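Student: Here the structure of chain A is known, so what remains is to put chain B in place on it, guided by the hints.
One line per chain: the protein sequences are A and B, in this order. Going from the first sequence to the numbering used here is simple: count from 1 and add 813. Going from the second sequence to the numbering used here is simple: count from 1 and add 200.
Hints may be right or wrong, so weigh each one.
[Unchecked claim] Stretches of chain B that chain A covers, calculated by requiring three or more beta carbons in the stretch to come under 8 Å of a beta carbon on chain A: (1) 532-539; (2) 552-559.
[To be verified] Derived DSS-like pairs (lysine-lysine); straight-line CA-CA distance at most 30 Å: (3) B:K209 / B:K478; (4) B:K478 / B:K463; (5) B:K283 / B:K207; (6) B:K478 / B:K405; (7) B:K525 / A:K861; (8) B:K463 / B:K207; (9) A:K861 / B:K283; (10) A:K842 / B:K531; (11) A:K842 / B:K525; (12) B:K405 / B:K463; (13) B:K310 / B:K209; (14) A:K861 / B:K531; (15) B:K525 / B:K478; (16) A:K842 / A:K861; (17) B:K405 / B:K310; (18) A:K842 / B:K283; (19) B:K310 / B:K478; (20) B:K215 / B:K478.
Quick caveat, the hints were computed from the structure, so don't treat them as lab data. Predicted, not measured: the structure shown is a model, and the values here were computed from it. Cβ coordinates follow ideal geometry from the N, Cα and C atoms, glycine included.
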Amino acid sequence: MTEAEYIARWVTPGARVLDLGCGNGALLKHLWQARQAPGYGVEIDDAKVLECIRNDVNVLQMDLEDGLSAFQDGSFDFVILSETLQAIHRQEPLLRDMLRVGREAIVSFPNFGFWKARIQITFAGHMPVSRELPYQWYDTPNVHHCTLVDFEALCAKLGLRVLERQVLTGGSPVSFLPNLLGSLAVYRVSA
Amino acid sequence: MIVEARKAKFTEPLKLSSGAVLPEFEIAYETYGELNAARSNAVLVCHALNASHHVAGTYAGDPDNVGWWDNMVGPGKPLDTDKFFVIGNNYIGSCFGSTGPTSTNPATGKPWGADFPVVTVEDWVAAQARLADRLGIARFAAVMGGSLGAMQALQWALSFPQRVRHSIVIAATPRLSAQNIAFNEVARQAIMTDPDFHGGHYYDKGVVPRRGLRIARMIGHITYLSDDAMMEKFGRVLRRAAPGFDFDVDFEIESYLRHQGDKFSSYFDANTYLRITKALDYYDPAADYGGDLSAAFARAQADFLVVSFTSDWRFSSARSREIVKALLDNKRVLSYLEIDAPQGHDAFLLDDPRYFGALRAYFGNIAL
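This is chain A alone, in the form it adopts within the complex (with noise of 0.2 Å):
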């Protein structure tokens, strides 16, 4: 299964979606058909907001670091972080923000604690590149690299309740050591 459809199982069918960083607008459209949750996707480079608008999705085009004083309070069921968590420079006020104006947040990020980057780092000596994370050091739009234990840390710092956690790897589910084995999280957290 895809991550996409891993977040569909979580959305209710009718929900509110509010897509931070919804790149072509692939999963709202996704949770459109899937489970009929209308919302409208936030991004910020020209080339997908364009594919947002060909793929008939809502999308805005902001800069999530400016906040999220554009929604009201409580206005959407689901606020989702899909692989984005990472190319936040401030990331607590986004998580607190994401869980003012939704009820729920669904989060995920690619573990920087799966095998493959810690054996780079470790025994390599060099920055992880991987088809999960294929960018040199030098040239990413990643800032805030975390692992599992590093993100459910900053939730209890927070606040903010871990309601569901699915770990995947190549699509399947990690349930065996997933801090290790796993190369994509994917949480669902409430305030």
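Tutor: The following block gives chain B in isolation, referenced to the frame of chain A:
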């Protein structure tokens, strides 16, 4: 595309926002493409300050008179007239064919001049609705405009929520700022203090307050361009070999503004300019709702596309984001583009590939 200007005459009086009544009026308009059998493919294009109903194409025998949004509207263009039936209209109070200050006042048999009432964006939309009725269009697939035209696209969604499927709002503001009004007032003062203005009754004196119009247009042009665009286009380039130490044209920008002022004052009507700037100043759909724009948009039912340009300081992106916020508060179907274009307010007339690509895709997705 060879096009033809038409006029529709309406003899039922139109009550205006000011309380004045226009006993009868004409609207100049053009159409492009064919209205489909279901009458579901009509798009109304609304113009800004100095444009007209001549949106696209050229007139037979006049190949140089190209419509003002010809890059946007036509066969195979972003607003594709092979798919849509597009209507360009000239709003009332203008000077390009619709009833305005230069038209004959039926009560006196003379030009209205200063007696032509001040009209508002709401009045324009009410008049356009009469045109839609006349053309048999119950509901527009889209109403679209830039700048002052965008105000009409917004107002359509408020005045006639059932009659607009998509409102396309480009380089807009939900209300003028004090600074915007200030610029308009300087322009009006330039016109009204011109000795040839004669309190607006200059037609029968055989003069035109050309000096005032020139200055009004020069001020306008400063606000249409960004500082960067102006510097890029003109810099500090001199028109003559060395500074003249006099007050003739030294710099390219001076020459440009004088040229724009001369051109404009040769065809635009001063009484119209006064009225259009007032319509801009007065527009404020939130005013009846204690300044709450979200409450004002509660009755809107259209889907919206809002586009702003980051270098536009006349109607900045922050103003468009106010519109976006009000629409989000009302859970409207909505997309918002903030195009990082350098040209300033005028960017809405230029074919930036991101902007035109988005409009092409958006119109492409409108099901008929």
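Student: Against each hint, give a clear statement of whether it holds in the structure.
Tutor: Structure-based check of all given hints:
1. Coverage of a stretch by a chain is defined here by at least three residues with a beta carbon nearer than 8 Å to that chain's beta carbons; for the region 532-539 of chain B and chain A the count is 7, and the condition holds.
2. Using a Cβ-Cβ cut-off of 8 Å, 3 residues of the region 552-559 of chain B lie near chain A, which meets the minimum of three, so the contact claim holds.
3. Between the alpha carbons of B:K209 and B:K478 the distance comes to roughly 25 Å, so the proposed pair stays at or under 30 Å and holds.
4. For the proposed pair B:K478 and B:K463, the alpha carbon gap of about 23 Å is at most 30 Å, so the pair holds.
5. Proposed proximity of B:K283 and B:K207 is supported: the alpha carbons are some 24 Å apart, at most 30 Å.
6. Restraint check: the Cα-Cα separation between B:K478 and B:K405 comes to about 25 Å, which is no more than 30 Å; the hinted pair holds.
7. The hinted pair formed by B:K525 and A:K861 meets the criterion: a straight-line CA distance of about 22 Å does not exceed 30 Å.
8. Taken as a hint, the B:K463 and B:K207 pair is honoured in the structure, with Cα atoms around 26 Å apart against an allowance of 30 Å.
9. Annotation: proposed proximity of A:K861 to B:K283 holds, straight-line Cα distance about 26 Å (limit 30 Å).
10. Annotation: proposed proximity of A:K842 to B:K531 holds, straight-line Cα distance about 17 Å (limit 30 Å).
11. The suggested pairing of A:K842 with B:K525 holds, with an alpha-carbon distance near 22 Å, which does not exceed 30 Å.
12. For a cut-off of 30 Å, the pair hint linking B:K405 to B:K463 stands: about 22 Å separates their Cα positions.
13. About 18 Å separates the Cα atoms of B:K310 and B:K209, which keeps this hinted pair within 30 Å; it holds.
14. A distance of roughly 23 Å separates the Cα atoms of A:K861 and B:K531; the hinted pair therefore holds under the 30 Å criterion.
15. Pair hint B:K525 plus B:K478 holds up; C-alpha atoms about 26 Å apart against a cutoff of 30 Å.
16. Restraint check: the Cα-Cα separation between A:K842 and A:K861 comes to about 14 Å, which is no more than 30 Å; the hinted pair holds.
17. For the given pair, B:K405 sits about 12 Å from B:K310 by alpha-carbon distance, which is consistent with the 30 Å threshold.
18. Under the criterion of a C-alpha separation no larger than 30 Å, the hint pairing A:K842 with B:K283 is consistent with the structure, at around 25 Å.
19. As the CA atoms of B:K310 and B:K478 are separated by approximately 24 Å, the hinted pair is consistent with the 30 Å bound.
20. Distance check on the hinted pair: B:K215 and B:K478 sit about 18 Å apart at the alpha-carbon level, within 30 Å; holds.
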